[in-house]
Amino acid sequence: EMVLARKPVENAVTTERMTHNLRVFSLPDMKPIDQGGLDMFVSETEPEFRDLMGIALYTSPKGEIYAIVGRKNGPKEGYLGQYLLEDNGSGTVKATLVRKFGSFSGKKEIEAIAVDNELGYIYYSDEQVGVKQYYADPAKGNQQLALFATTGFKEDHEGISIYKLTDSTGYILVSDQGANRFQVFSREGTQSNPFEHKYLKTVPVMATQSDGSETTSFNLNETFKHGLFVTMSDDKTFHYYRWEDIAEADLKKK
1 EMVLARKPVE
11 NAVTTERMTH
21 NLRVFSLPDM
31 KPIDQGGLDM
41 FVSETEPEFR
51 DLMGIALYTS
61 PKGEIYAIVG
71 RKNGPKEGYL
81 GQYLLEDNGS
91 GTVKATLVRK
101 FGSFSGKKEI
111 EAIAVDNELG
121 YIYYSDEQVG
131 VKQYYADPAK
141 GNQQLALFAT
151 TGFKEDHEGI
161 SIYKLTDSTG
171 YILVSDQGAN
181 RFQVFSREGT
191 QSNPFEHKYL
201 KTVPVMATQS
211 DGSETTSFNL
221 NETFKHGLFV
231 TMSDDKTFHY
241 YRWEDIAEAD
251 LKKK
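The working numbering numbers the first residue of the sequence shown as 1 and each following residue consecutively.
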């Protein structure tokens, strides 16, 4: 939720790949509140360096809202852009670049981005390499905190989502796109290393070539009382799973 013209506004944020614009819409009416689009990576001139891909939002403890934006191609360092979203003074949204961060292997691309608001971390999939972890707060620096999920993937590392048991525990689910399955890792680290995310299990799904997912641990209704896992499939469908069907006997449920 953003404050625009001194009023709280629920919003949805998405990228438009070929226009190089971030789009912001109010909810539930889906009216644009972005002056027609917010230009991203405006100083970039290399091919595909402005073609937008993944997006995730981070809300700081102060209530500041940041967009973490990916692109089709980028440099070996500074692949992602972090933009502060705020009122431009006339009741619509403006975006201010705060930093560029994130290492890139150059093997393929970075699409999937996820934010852990409570713990203050950003995760992204460097395809065919693994999942990388950074601080979400720009003031904490641009150092890479972890690289995990580096083995056992058939092809591309894709969509990331986080199932939260508590404010500090839960699971990180990563799409093993070419194998039509998700690999699950611990959200919390170990006692000796807070950035060590242990592999826990592999979950096969009916979705094919999935590059996006979302999960929640909220009790939504009687069917999804322990939460919901949603993954997209390349046949343009979304597949809904009860959390207990993902967890089975191996993982906890809220």
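Do not rely on the hints blindly, as some may be mistaken.
[As the list claims (entries may be wrong)] Subject to a maximum C-alpha distance of 35 angstroms in a straight line, what follows is the list of computed DSBU-like cross-link-like pairs (lysine-lysine): (1) Lys31 to Lys107; (2) Lys154 to Lys62; (3) Lys72 to Lys31.
[What the hints assert, rightly or not] Ranges of calculated distance between the beta carbons of each label pair, as one might list FRET restraints: (4) Asp250 to Asn142: 32 to 38 angstroms; (5) Arg17 to Gln191: 40 to 46 angstroms; (6) Glu118 to Arg6: 34 to 40 angstroms; (7) Glu222 to Glu155: 35 to 41 angstroms; (8) Glu248 to Lys108: 28 to 34 angstroms; (9) Thr190 to Glu214: 40 to 46 angstroms; (10) Gly120 to Glu244: 16 to 22 angstroms; (11) Glu155 to Glu248: 32 to 38 angstroms; (12) Thr190 to Lys72: 22 to 28 angstroms; (13) Thr150 to Ala5: 45 to 51 angstroms; (14) Asn219 to Gln35: 19 to 25 angstroms; (15) Asp167 to Glu1: 33 to 39 angstroms; (16) Thr166 to Leu57: 17 to 23 angstroms; (17) Asn88 to Asn142: 25 to 31 angstroms.
In case anyone wonders, no lab produced these hints; they're calculated from the structure.
C-beta atoms are modelled at their ideal positions from N, C-alpha and C, and glycine is treated no differently.
**OP:** Provide an ascending list of the numbers of those earlier hints which the structure does not satisfy.
**Re:** 1, 2, 6, 9, 10, 11, 12, 14 and 15
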